[in-house]
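Quick note, the sequences are listed as chains Y and F, same order. Using the numbering used here, read the first sequence as starting at 633 and increasing by one per residue. Using the numbering used here, read the second sequence as starting at 32 and increasing by one per residue.
One should not assume that every hint holds.
Said to hold, decoys possible - The calculated lysine-lysine pairs, modelled on BS3-like cross-linking and capped at a C-alpha distance of 27 Å, are:
id	chain 1	residue 1	chain 2	residue 2
1	Y	K674	F	K156
2	Y	K654	F	K114
3	Y	K843	F	K156
4	Y	K784	F	K114
5	Y	K869	Y	K925
6	Y	K673	F	K114
7	F	K47	Y	K873
8	F	K39	Y	K843
9	Y	K770	Y	K664
10	Y	K755	Y	K694
11	Y	K881	F	K48
12	Y	K881	Y	K784
13	Y	K654	Y	K922
14	F	K47	Y	K946
15	Y	K897	Y	K846
16	F	K47	Y	K895
17	F	K120	Y	K782
18	Y	K654	Y	K673
19	Y	K782	F	K88
20	Y	K925	Y	K846
21	Y	K751	Y	K802
22	F	K52	Y	K946
23	Y	K674	F	K114
24	F	K48	Y	K946
25	Y	K654	Y	K897
Stated by the list, open to error - Computed far set for chain Y versus chain F, every beta-carbon distance over 10 Å:
id	residue
26	K770
27	I820
28	D879
29	N882
30	D919
31	K923
Claimed, not checked - Per the computed footprint, the stretches of chain F lying under chain Y, defined by three or more beta-carbons under 8 Å from a beta-carbon of chain Y, are:
id	stretch
32	46-53
33	109-122
These are calculated hints, taken from the structure and not from any lab test. Quick caveat, the model's predicted, so the values are computed rather than measured. Backbone N, C-alpha and C define an ideal beta-carbon position, used for all residues, glycine too.
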Amino acid sequence: MTFHYQNVYINETATIAGPFEKKGPLSPYFDKTYEEFYFGKKTFEQAESKLLEESVNMVLSKAEKTKSEIDLLIAGDLLNQIVSSGYAASNLQIPFLGIYNACASSVEGLIIASNMIDKNQIKNCICSVSSHNLGAEKQFRYPVEYGGPKPKTATFTTTGGASAYLSYHKSGIRVESATIGTVTDLGIKDAYHMGAVMAPAAARTIYEHLKDTKRKPDYYDLIVTGDLGIYGKEILKDYMKTEYQIDLKNYNDTATMIFDLEKQKDVHAGGSGPACAPLVTYSYLFDLMKKGKLKRVLLVATGALHSTTMVNQKLSIPSIAHAISLEVIE
Amino acid sequence: MIGDDMEKSTYKDLVKKHTPKEDSLLNGGIAFIVGGIMGVVAQLLIDFYGYYFSIPKSAAGTFMLITFIFLGCLFTALGFFDKWVTFAKCGLIIPITGFAHSIMSAALEFRKEGFVTGIGANMLKLAGTVIIYGIVSAYVFGILRLILGGAV
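Sequences are here, hints too, so could you generate the full structure?
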């Protein structure tokens, strides 16, 4: 399912990142970084909610808007019942849609907002996502202070909040088209190998997008997936070739960009979490686009619809990917 | 056809091709050495307690276990033991330090969710399994011993 948009622009973005991202190579591009994991709050969950709320307030001030001028807030995160979004929205008092597609939530939000803006149903919208490394560890894996070893394919949930302000005013980055993905499950059960879980969904969405728009991969200066990690990246390239006969050259993965995988060994195969793709895209990639180094970027956010309950019931992990085509305004 | 058995099995092979091997030999080696050191330290503690308090070996063994549990909990609470465990792996997980570490880390994690609903309900999240199957296997082997006539 692909949409084309006439008048949708991402006018402003705000990115706030945590301590590990601060040590990473993209640190200078973030609007704000924190040295620790609590940000003055008592728990990880409350800290994550603060990140999301703060990024919304930051994008509001960058766009020179007040809360009452915003028609809609769309937000999602990884915590159970998307509490980071819910509690932030409770404080923000902007009409709110909470969404969940795991780490694909960022692009899911952008697609919903773009459709509504393009049809003139709303005049503007803020799309936000957040994730918190320790909050995700607590919910999906082991206690934070537990030191059980992890396999090399494990990814490291990024800590961050990212918000984008969208409207029909022509400034910033243009949202050109978008493709909604289909849930794909090729039977991978390993919750420590999310790259392998999500690669087929990403490949399928990229294929569908190129087919619907009748484009070749080299139409884009960069095709970038969300959080496949270094091994998932290779799996995607290989799978794309064998399954769809598409050779991805101008391709990268935000999981491998946000951290220095050589120096930051703790992150194993790279970053993950809903905040990973937008943290890289809204800061570093938009900077490259505004400098004219990239003109057309296809962002494919990937999400594993993973639940510890279902994995314990021996089911494999379904995954989803949504694509959005971003362009420099001519 | 996306998602059929044929594709799932070819995909599994593709994933395998790009999945790195874990360094089992290195990990095993580290665990062997650290575990060995733990054994030496334990023996020294038993000898020390036995000599210093003039108590029998079995009681000194209990003292040694208490020391290990205490240090495992203390180092976890101080926040650096997880890094040791990540490095030493089964060298520190299999001894009683790993058991203490799992309980303490879970207790720390849930302490802000209340004494009953947080610490009480979640403290044995990881260690509960060890306790349950420890007791079950103790029964099984106890009964086996009785049947085989070794019981006193």
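Consistency of the hints with the structure:
no., hint, in the structure
1, K674(Y) to K156(F), "holds, 22 Å"
2, K654(Y) to K114(F), "holds, 21 Å"
3, K843(Y) to K156(F), "violated, 48 Å"
4, K784(Y) to K114(F), "holds, 16 Å"
5, K869(Y) to K925(Y), "holds, 24 Å"
6, K673(Y) to K114(F), "holds, 25 Å"
7, K47(F) to K873(Y), "holds, 16 Å"
8, K39(F) to K843(Y), "holds, 23 Å"
9, K770(Y) to K664(Y), "holds, 25 Å"
10, K755(Y) to K694(Y), "holds, 17 Å"
11, K881(Y) to K48(F), "holds, 20 Å"
12, K881(Y) to K784(Y), "holds, 25 Å"
13, K654(Y) to K922(Y), "holds, 23 Å"
14, K47(F) to K946(Y), "holds, 20 Å"
15, K897(Y) to K846(Y), "violated, 41 Å"
16, K47(F) to K895(Y), "holds, 26 Å"
17, K120(F) to K782(Y), "holds, 10 Å"
18, K654(Y) to K673(Y), "holds, 19 Å"
19, K782(Y) to K88(F), "violated, 38 Å"
20, K925(Y) to K846(Y), "holds, 24 Å"
21, K751(Y) to K802(Y), "holds, 16 Å"
22, K52(F) to K946(Y), "holds, 23 Å"
23, K674(Y) to K114(F), "holds, 23 Å"
24, K48(F) to K946(Y), "holds, 23 Å"
25, K654(Y) to K897(Y), "holds, 15 Å"
26, K770, "violated, 6 Å"
27, I820, "violated, 7 Å"
28, D879, "holds, 16 Å"
29, N882, "holds, 20 Å"
30, D919, "holds, 31 Å"
31, K923, "holds, 34 Å"
32, 46-53, "holds (count 6)"
33, 109-122, "holds (count 8)"
Checked against the numbered hints above, the structure violates hints 3, 15, 19, 26 and 27; every other hint is satisfied.
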